[in-house]
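Note that the protein sequences, when read in sequence, are chains A and B. Note that this note's numbering has the first sequence beginning at -10, numbered continuously upward. Note that this note's numbering has the second sequence beginning at 132, numbered continuously upward.
Derived by calculation from the structure, the hints in this document are not laboratory data. All of these numbers come straight from a predicted model, not from anything done at the bench. Even for Gly, the Cβ is constructed at its ideal location relative to N, Cα and C. A couple of the hints might just be wrong.
[Said to hold, decoys possible] Partner residues are not named here, just some residues of chain B that face chain A (Cβ under 7 Å, in silico): (1) I281; (2) I329; (3) G333; (4) V396; (5) L414.
[To be verified] Cut-off 20 Å, straight-line C-alpha distance, at most; resulting in silico cross-link-like pairs (SDA-like, lysine to any residue): (6) A:K224 with A:I251; (7) A:K(-4) with A:L312; (8) A:K(-4) with B:L267; (9) A:K147 with B:V396; (10) A:K147 with B:R392; (11) A:K(-4) with B:D272; (12) A:K224 with A:L246; (13) A:K147 with B:M268; (14) A:K229 with A:L246; (15) A:K147 with B:Q398; (16) A:K224 with A:S212; (17) A:K229 with A:P243; (18) A:K147 with B:W399; (19) A:K147 with A:D158; (20) A:K(-4) with B:I266; (21) A:K(-4) with A:N307; (22) A:K(-4) with B:P207; (23) A:K(-4) with B:A262; (24) A:K(-4) with B:G261; (25) A:K147 with B:N393; (26) A:K224 with A:R239; (27) A:K147 with B:P207; (28) A:K147 with B:Y394; (29) A:K224 with A:V250; (30) A:K147 with B:T403; (31) A:K147 with B:D397; (32) A:K(-4) with B:I395.
[To be verified] Okay, the calculated bits of chain B under chain A, using three or more residues with CB under 8 Å as the criterion: (33) 267 to 277; (34) 288 to 297; (35) 370 to 380.
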Amino acid sequence: MGNYLLKRLATLGITVAGIAVVTFFLSLVVPLDPLAAIAGPQAPQETVDRLRVLYGFDQPMYVQFFRYLERLIQGDLGTSFQTGRPVLDDIIQFFPATLELATVAMVIAIGFGIPLGVLSAVYRNSLLDHLSRIISLIGVSMPVFWLGLVLMLVFYFKLGWLPEPGRLDIMLIEPPRITGMLMVDSAIALDWVVFWDALRHAVLPATVLGLFGLAGIARIARSSMLDVLSQEYIKTARIKGLSEFMVILRHGLPNALVPTVIMIGLTYGSLLEGAVLTETIFSWPGLGRYLTTAFLTLDLNAIVGGTMLVAISYSLVNLLVDLLYAYLNPKITLAYADG
Amino acid sequence: MAEITAKDALNHDEIRRLRLDARRRYLRDSYVLWRRNPITVVGTLIILTLLLIAAAAPLLATHDPYNQILAERLLPPSADYWFGSDNLGRDIYSRVIHGSRLTLMIAILVAITSGPLGLMIGVVAGYLGGAVDEILMRVADIFLAFPKLILAIAFAAALGAGLENAILAIAIANWPGYARLARAETLAVRNSDYIQAIRVLGAGRLRIMFLHVTPMCLSTLIVRVSLDMGAIILIAAGLGFLGLGAQPPSPEWGLMVSDGRNYIVDQWWVSTLPGTAILIVVLGFNLVGDGLRDILDPHQRQS
Chain A
-10 MGNYLLKRLA TLGITVAGIA VVTFFLSLVV PLDPLAAIAG PQAPQETVDR
40 LRVLYGFDQP MYVQFFRYLE RLIQGDLGTS FQTGRPVLDD IIQFFPATLE
90 LATVAMVIAI GFGIPLGVLS AVYRNSLLDH LSRIISLIGV SMPVFWLGLV
140 LMLVFYFKLG WLPEPGRLDI MLIEPPRITG MLMVDSAIAL DWVVFWDALR
190 HAVLPATVLG LFGLAGIARI ARSSMLDVLS QEYIKTARIK GLSEFMVILR
240 HGLPNALVPT VIMIGLTYGS LLEGAVLTET IFSWPGLGRY LTTAFLTLDL
290 NAIVGGTMLV AISYSLVNLL VDLLYAYLNP KITLAYADG
Chain B
132 MAEITAKDAL NHDEIRRLRL DARRRYLRDS YVLWRRNPIT VVGTLIILTL
182 LLIAAAAPLL ATHDPYNQIL AERLLPPSAD YWFGSDNLGR DIYSRVIHGS
232 RLTLMIAILV AITSGPLGLM IGVVAGYLGG AVDEILMRVA DIFLAFPKLI
282 LAIAFAAALG AGLENAILAI AIANWPGYAR LARAETLAVR NSDYIQAIRV
332 LGAGRLRIMF LHVTPMCLST LIVRVSLDMG AIILIAAGLG FLGLGAQPPS
382 PEWGLMVSDG RNYIVDQWWV STLPGTAILI VVLGFNLVGD GLRDILDPHQ
432 RQS
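In isolation and in its complexed conformation, chain A is listed as follows (with noise of 0.2 Å):
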């Protein structure tokens, strides 16, 4: 396990350093002069020849990342425009928004991925496993920002049961802010009113990006259980006499669960994508609308260090489940074991 845990980590740099080299391209061929948005539009051309040479733009292609790389390292991602403030206070501030959102997605996705997989592997070519094949093949298919409209428009504007766009009702007063989300800080604080409006807030939301990430989901769940459900102790199981739910749930269900646990790290990665359209259609101040709003207004800062940080966060999600399913999967590690 240590080699193999060496290996990847040594991996993660390298990719980590591959991501940084993408975003500092990235920042070279957008279409903007970093000078002109620095020293607005008016500015005499002795100004910007000086701030050519205080941001070192006149330094060769070389010498500019090199310092690009030093600033990184020190953490300075720059200053957004939009914002006003430094690129990295902006991410702390929208960021857990983001991962609150994706985690009740998640719990929505896993809540009805599972059993629905479970179950069709079980009725496997009934009307349910058809039915469940289709849900999540329409669950793959939907455009996010239309089914984001389409629920708002229902459940929002015609049916008036949840709440509008946003995260908390604005009549209400946020918890003191710890980790930065709402759901978790209220509890903290015990504030049940604040946790109640912000579980609704969330539920639209959650849902569009939940049913993104439940087709997966069900799908591994199904195949892995029918898998399992065709081995001699599932046999052996119900020849001793046990009743076949029995059967399911003690003998079937946690061995079919290793491999779903695994598309559940995926699918929480690609959550992460889902969130840009989601947040942008529910005003959903997290770091997806965060960093569509900079890439249309050419938000040079903010656009290199938001996509760093979602791909960083990506790759060590993605090591994350590599691991794990090392940790579950000892073959994979045996490999390594020479070094």
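Got chain A sorted already, so can you dock chain B onto it with the hints?
Chain B in isolation, oriented as in the chain A frame:
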């Protein structure tokens, strides 16, 4: 053809006949599997309909998709405006019909740029191995470290909003998966006897890679690209929705959904109908993809 003797094995006509036979049987089995699954049939029908609509768009459209009649803006669906009219008084039905061409064009262009690019990189990496392989695959890994949609948005924004740049951006986000696939296929065949034989005959590396290895990777890659079609269309629509893809007045579906956002409460049709078109088309591709997985699955074939 009870038993194949050594004499038969040398008989070219016989070999050709057997091979043709096997191929025909494979196709027939595929057809049976395709027919057996109603989901796949529905998906195929959706894609065929899309192709027909795109081909006959000017005939099917009832209005000029760009013609604005401001006096008739935001009209509900009616006999004249089948899907209603949008905020600039354009016929939504005609725009959806014409939009099918854009959707198809985007999907095809992304497929024929990122597919061959990934194929080439994967074959080169897999065949040459060593440092070349290591470098190319690290680069692919770095691109895979970004969620696809975010990478596509980032490049679309950086290159400047527009349809061509959006296509390029999606292709940039898409190739690494194909490269990995092609590399794996290449590794599987690179040491096989027939490649050794060609090498002994004196074929150069380029010749082996592109005339002998590439064709072996092709079928897997085509399957994979067709499985990705739905996802490509979704990303393109997402870019259009964010204003980073096709630009107005183009009748791109994602853009149309975004146009109708402000009217969602009272004029639901402006946004929801083009969105339904995206859903149906993507679903079509995914249904076929899902069936394709079964058809190509050797386990299913045996039964």
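Checked hints:
{"no.": "1", "hint": "I281", "result": "holds, 5 Å"}
{"no.": "2", "hint": "I329", "result": "violated, 32 Å"}
{"no.": "3", "hint": "G333", "result": "violated, 37 Å"}
{"no.": "4", "hint": "V396", "result": "holds, 5 Å"}
{"no.": "5", "hint": "L414", "result": "holds, 4 Å"}
{"no.": "6", "hint": "A:K224 with A:I251", "result": "violated, 26 Å"}
{"no.": "7", "hint": "A:K(-4) with A:L312", "result": "holds, 11 Å"}
{"no.": "8", "hint": "A:K(-4) with B:L267", "result": "holds, 19 Å"}
{"no.": "9", "hint": "A:K147 with B:V396", "result": "holds, 8 Å"}
{"no.": "10", "hint": "A:K147 with B:R392", "result": "holds, 15 Å"}
{"no.": "11", "hint": "A:K(-4) with B:D272", "result": "holds, 15 Å"}
{"no.": "12", "hint": "A:K224 with A:L246", "result": "holds, 19 Å"}
{"no.": "13", "hint": "A:K147 with B:M268", "result": "violated, 51 Å"}
{"no.": "14", "hint": "A:K229 with A:L246", "result": "violated, 23 Å"}
{"no.": "15", "hint": "A:K147 with B:Q398", "result": "holds, 13 Å"}
{"no.": "16", "hint": "A:K224 with A:S212", "result": "holds, 18 Å"}
{"no.": "17", "hint": "A:K229 with A:P243", "result": "holds, 19 Å"}
{"no.": "18", "hint": "A:K147 with B:W399", "result": "holds, 11 Å"}
{"no.": "19", "hint": "A:K147 with A:D158", "result": "holds, 19 Å"}
{"no.": "20", "hint": "A:K(-4) with B:I266", "result": "holds, 17 Å"}
{"no.": "21", "hint": "A:K(-4) with A:N307", "result": "holds, 14 Å"}
{"no.": "22", "hint": "A:K(-4) with B:P207", "result": "violated, 61 Å"}
{"no.": "23", "hint": "A:K(-4) with B:A262", "result": "holds, 18 Å"}
{"no.": "24", "hint": "A:K(-4) with B:G261", "result": "holds, 18 Å"}
{"no.": "25", "hint": "A:K147 with B:N393", "result": "holds, 15 Å"}
{"no.": "26", "hint": "A:K224 with A:R239", "result": "holds, 13 Å"}
{"no.": "27", "hint": "A:K147 with B:P207", "result": "holds, 18 Å"}
{"no.": "28", "hint": "A:K147 with B:Y394", "result": "holds, 14 Å"}
{"no.": "29", "hint": "A:K224 with A:V250", "result": "violated, 25 Å"}
{"no.": "30", "hint": "A:K147 with B:T403", "result": "holds, 15 Å"}
{"no.": "31", "hint": "A:K147 with B:D397", "result": "holds, 10 Å"}
{"no.": "32", "hint": "A:K(-4) with B:I395", "result": "violated, 52 Å"}
{"no.": "33", "hint": "267 to 277", "result": "holds (count 7)"}
{"no.": "34", "hint": "288 to 297", "result": "holds (count 4)"}
{"no.": "35", "hint": "370 to 380", "result": "holds (count 4)"}
In terms of the numbered hints stated before, the structure departs from hints 2, 3, 6, 13, 14, 22, 29, 32, listed from lowest to highest.
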